[in-house]
Amino acid sequence: GQNIDQPTEMTATEGAIVQINCTYQTSGFNGLFWYQQHAGEAPTFLSYNVLDGLEEKGRFSSFLSRSKGYSYLLLKELQMKDSASYLCAVVNQAGTALIFGKGTTLSVSS
Amino acid sequence: DGGITQSPKYLFRKEGQNVTLSCEQNLNHDAMYWYRQDPGQGLRLIYYSHIVNDFQKGDIAEGYSVSREKKESFPLTVTSAQKNPTAFYLCASRDKGQPQHFGDGTRLSIL
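Order-wise, the sequence lines are chains A and B.
Here the first sequence is numbered in the numbering used here, starting from 83 and rising by one per residue.
Here the second sequence is numbered in the numbering used here, starting from 28 and rising by one per residue.
If we strip away everything but chain B, and leave its shape as in the complex, we get (with noise of 0.2 Å):
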């Protein structure tokens, strides 16, 4: 089935500890992107890539990093710079004209 996959869906970091959440679609989407979300909250934007191997800061880019080797997959690493991490983290691809879809989450916790 064609989709987008986040994963793990739970995840645990030590404070001052890196840590780099996945994100995979076949869909063939040009387009990917990643949100975060806090309770009461809406989504707000991280970063975003329209092509492979370019990318573009949102709104909230500090203390996250990104790369886009690959057209299937965008990962987002949460570096120790990033204050507040604990957080709902949203992956979402879409095609040219269509809506974001979006994969079921990473809920990130700090230990």
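Pulled out of the complex, with its shape left as it was, chain A reads as follows (with noise of 0.2 Å):
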């Protein structure tokens, strides 16, 4: 079967650092996405991560370790827009759809 973790909750201050972590175990690896999802609205693409290392998008970044089954997406100069959930998502065995984690719910304060 396919697991993934997420922390449920996190809370960070407008211009800071935070690092929203993601483990999964998987029978086979196909790729790991992040997605963006504000309150009442449609998921949104943040990133891809397939082979170890960090990807940089702005001021996003995801990292992927697929030895150790983890992987970190990386928000800088955090903004109150950034409030929202952080949805971890790995592909399935089959390669034919994703698996979603709970989703962490970011709140970012003045």
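Simulated from the structure, these hints should not be mistaken for laboratory data.
A few of these clues could be false.
[To be verified] In silico contact screen, one side only, chain B against chain A (beta carbon under 10 Å); selected entries:
| # | residue |
| --- | --- |
| 1 | Gly85 |
| 2 | Ala88 |
| 3 | Gly130 |
All C-beta atoms in this analysis are idealised placements derived from N, C-alpha and C, irrespective of residue type, glycine included.
Fit chain to chain and form the complex, with the hints in mind.
The structure is reproduced here in structure tokens:
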């Protein structure tokens, strides 16, 4: 089977840096995605990792270690609009669909 | 503009009734997906389709049905057999090798 774990909630202040961790157990590995979801809205794609290492995209970076079954999403220079849920998802063993974690709700305060 | 359209945004159903949620995309994507999201939960896969006239059950298909008669359309029917249908339903599509893109969702409530 497949299991994905992320913290339920995190808080941070404007301008700070926050790291959201995701650990996964899968029978095979075909890639890991991070999505952002504001309350009541659709998830939007942030990043995709399939090889080990860091992928940087503006204020957001995502890291993957396949040997450790571990990823993190790093958000720099936090803004109030970054308050949202962040969903970690891995491609299923058949490579046909995504398996999502429960998401981490990030609250950014001034 | 290209995108994924889900309608309606809010839907109410009486107990014992079937209801169909619409999902249309004009992105020419082959693959389409339906997910259910409950409060504090991640997205759970209901059904998916990678090609017209073919679809597969996801993790929580019981009480749901789908059809894929056209590439652009992947409607989801919530049947009376679904005992707890109140949820936020999300449709997604993707091109090969690309991430999934989501519609704005339909929030279904039972009267």
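Hint-by-hint comparison with the structure:
With 10 Å as the threshold, the beta carbon of glycine 85/B comes within range of chain A, its nearest partner Cβ sitting at about 7 Å, so the hint holds. A least Cβ separation of about 12 Å between alanine 88/B and chain A goes past the 10 Å threshold, and the interface hint is therefore violated. For glycine 130/B, the interface hint holds, the least distance from its beta-carbon to any beta-carbon of chain A being 6 Å, beneath 10 Å.
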